Amino acid sequence: MAMTEVSRRFAQHEELITGTEAVAQALRLADVDVMAGYPIRPYDSVMSSVAKMIANGQMDADFIVAESEHSQFEIVKHASATGARVFVGSSGVGWMYAMEAIVVTAALRLPVVALVGNRALDDPGAFGVEHNDALMVRDSGWLLYWVAEGQEALDATLLAYRVAEDARVSLPCALSMDGAFLTHSQHLVLVPEKDLVEAFLPPYDLKKRRFHPDNPISIAPQYNEDWVMETRKQSDAAMRRARGVIAEAYAELKRLTGRGDPDPFVETYRVEDADYVLIGMGTVAMPIKVAVDQLREEGKRVGFLRIKWFRPFPDEELRRLLHGRKGVGVVDRDYSYGSTRHGGAVYNEVRSALYDLEDRPPVIGFIAGLGGREVSVDDVFQIEAKLEQAAAGDLGAESAHWIGVRGPVE
Amino acid sequence: MAITQTRPQERPELAPIRTIRDVPVEEFYTSGHRTCQGCHSALLMKYLAKAAGPRTVTIGATGCMYVANTSYYATPWVIPWMHTQLGATGSAVIGAAAGYAVQQRKGKLAEEPINVIGIAGDGGGADMGLSAISAALQHTQYNVLIILYDNESYANTDIQASGSTPWGAVTAFTPSGTVKRITQDRWKKNTPGMLVAGHPEARYIGSASAAFGVDVMNKIRTALRVGGPTYLHVHDACPKGWDFDPRYSRELGQLAVECGIVPLWEVIEGELQYNGITRQIVEGRRKRKPVREYLMRQGRFAHFTEEDVDYFQAKVDEMWEKWILPGVLPVQALPEGLPKPGRRAAGLADGAGAAANGAVAP
Ligand SMILES: Cc1ncc(C[n+]2csc(CCOP(=O)(O)OP(=O)(O)O)c2C)c(N)n1
Ligand code: SF4
Ligand SMILES: [Mg+2]
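The listed protein sequences derive, respectively, from chains A and R.
Note that numbering that gives the first Met the number 0 gives residue 202 to position 203 of the first sequence, counting from 1, and the numbers run on in steps of one.
Note that numbering that gives the first Met the number 0 gives residue 341 to position 342 of the second sequence, counting from 1, and the numbers run on in steps of one.
This is chain A alone, in the form it adopts within the complex (with noise of 0.2 angstroms):
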């Protein structure tokens, strides 16, 4: 089956590298155009790597500094109109400062691709992971992508580029990663050559698109009652379509590379026969299959879902892998204060899907790890405690619970 050939044409090369310079290899190997920095720990590690590689002529690319993140977006959004593709990124208060060009990029249907270095919001301050600041988009029309190890912020990034560019799509793409915990973490990962970037990525073509004086249209007149809501319905199309690009991408990605998982919006770990699944976006995957592996010697049936895919959302996936469990435990790196059962935003998410099912397990929300504070195996050991009792009916299920908060504060 083509799915799982592999293709042994190209050569790829080992490099320990973090989260961000292995995001900046793949904008050298993406011959990204035009990039604009504005400095926030902890994405903009990846905006001083492709500044060097640009300076040390690895790189052909205009790389501007901006004077803010509004115009760092509305930079690479105008240049992205040109026919040129483009990188951005932000993180927390940042990705917050540049909200109006954030969405409007995502109105006009223009494939740029951002990194956020996931981080909490102020105040109070703190440098530390939080999923909230991407997730401030997610009803926006961006495709979201949650990254959990160095190999796949590369991968992640080609694909980016790809499905967002692709013209049944053409939807911004942000990659999130773990502020930390990711961005600036060790990790082995495979660096291909050329051939094979070319080989899965076309050019950027805008076609009828294109804002050049060869082609003289006026984009993003006032439409107002006339003809708005037909304009949001061609997005929800491209949004819809995003799922079947997405696989065919990710498939295509597989051969070349030889690498991937069985399916291209979640990643499981040993979910085929548990009673138990608990689900996580981006570096918590990592104490939570420890911890999986060692209630498995214990004799628990426990699995861990990854949903990589926010937007679109895998619906049909967690259909497929959650129906009849015992109990699903989803574990937000995020707060939705006032939200449904005061659940995180994955959480509720996750509840909606499930909705449809005959056979739904209870799914029980967790909040940890905000502010950039680690979520230990013991953490998850009394997740999945937590998560038993509830899903059983000893502990309220009305409500998600705080991992790890301390003292009085009700």
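What the hints contain is simulated information worked out from the structure, not anything from laboratory work.
None of these values were measured; they are calculated from a predicted model.
It cannot be assumed that every hint is accurate.
Pulled a few chain R residues facing chain A out of the computed Cβ check, cut under 8 angstroms [stated by the list, open to error]:
| no. | residue |
| --- | --- |
| 1 | ILE78 |
| 2 | ALA91 |
| 3 | GLY94 |
If the Cβ cut is set under 7 angstroms, some of the chain A residues that face chain R in the computed set are [as the list claims (entries may be wrong)]:
| no. | residue |
| --- | --- |
| 4 | ASP32 |
| 5 | ASP61 |
| 6 | PHE62 |
| 7 | SER70 |
| 8 | HIS77 |
| 9 | GLU99 |
| 10 | ILE218 |
| 11 | PRO220 |
Heads up, the beta-carbon is just placed ideally off N, CA and C, and yes, glycines get one too.
The hints should help you fit chain R with the ligands onto chain A, whose structure is shown.
Showing chain R with the ligands alone in chain A's frame:
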């Protein structure tokens, strides 16, 4: 840095316009807009499209020149136009110019000069988007022109005061009440002057009025010819916001210049020139008209008392009589002992000063 700076190019299509007869007949901004009668900002759009010609792209920020000007199915733009966010004109033009530059360098687009023109209102440009415009004027490797159409209010949202609204003017946010007659108590900011002072690498920054079409078109062409990031501030009569009969737009635009409230000037590669009526005033060949003639023909100043008019006149007089560079630089006195600019240049020429001042031979 000099090495990254674009150099002025031969641009025969941007030759100076000597008389109205030199103006191209082709229209690149035509019917379809829904701006008010007598809207001088719309007139400016027509001028800029004419002056720049077909190898141009325009990027317009939110405001009247977007909302009223560019409706779906009825765009007046024959050349490409794209919307940008209210405060983003500076960033938008840099992004587009970078997009063209890289693609041309990599052979993905044919090499040619493309005029990238950004259009901002006074609210979008002089208030919200000021930092992005300032940043754009530092990116000397790109050729862009930012045109700020100054109708002196947030017009599209129904006329609210901006930093560019004249002192005392009535707007939706600065009414004249029974207790407080004047609530617009900020003196209009001098945006082009501020940009000149802060951006020594920008090779063209100018101030114009849509009431003087040939002057505006020439300034646009000069800016595009000179290249690099450039800026033109254009004062536009707005019948709705200023509250006057649309038939008087040109007359009022001209009066603002004749009264010395809006000076016309340009700084081309470091050289300041006053233009038209303003030049005649500077050279003492023409007397300024009293500001009353301009103010009292507009509803927005109808509540002015004699005192208010006198105050306004005094501020304009101060600009003309005390500023070192009227209309450009509000510094009123130089420190004792500092040589006048002319003499300083002479000092540099005699050798010793050149190295000390960091001047490098070309
Ligand atoms: C971020 C943002 N804030 C507010 C608005 C609302 N708004 C739309 S047009 C406009 C007026 C802009 O004024 P100006 O730039 O002077 O242009 P004019 O309307 O006068 O042509 C405003 C405030 C907006 N579109 N975007
Ligand atoms: S309000 Fe003023 S700027 Fe706006 S369309 Fe009318 S005249 Fe033109
Ligand atoms: Mg205005």
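Hints, one by one, checked against the model:
1. ILE78: OK, holds: ILE78(R) within 8 angstroms of chain A, min 6 angstroms.
2. ALA91: Holds. Min distance 5 angstroms.
3. GLY94: 3 angstroms, holds
4. ASP32: Check passed: Cβ of ASP32(A) comes within 4 angstroms of chain R, closer than 7 angstroms.
5. ASP61: Hint on ASP61(A): holds, closest Cβ of chain R at ~5 angstroms, below 7 angstroms.
6. PHE62: At 9 angstroms from the nearest chain R Cβ, PHE62(A) fails the 7 angstroms test, so the hint is violated.
7. SER70: Hint on SER70(A): holds, closest Cβ of chain R at ~4 angstroms, below 7 angstroms.
8. HIS77: 3 angstroms, holds
9. GLU99: 5 angstroms, holds
10. ILE218: For ILE218(A), the interface hint holds, since the closest Cβ of chain R sits about 4 angstroms away, which is under 7 angstroms.
11. PRO220: This hint holds: PRO220(A) lies near chain R, its Cβ roughly 5 angstroms from the closest one there, short of 7 angstroms.
Checked against the numbered hints given earlier, this structure breaks only hint 6.
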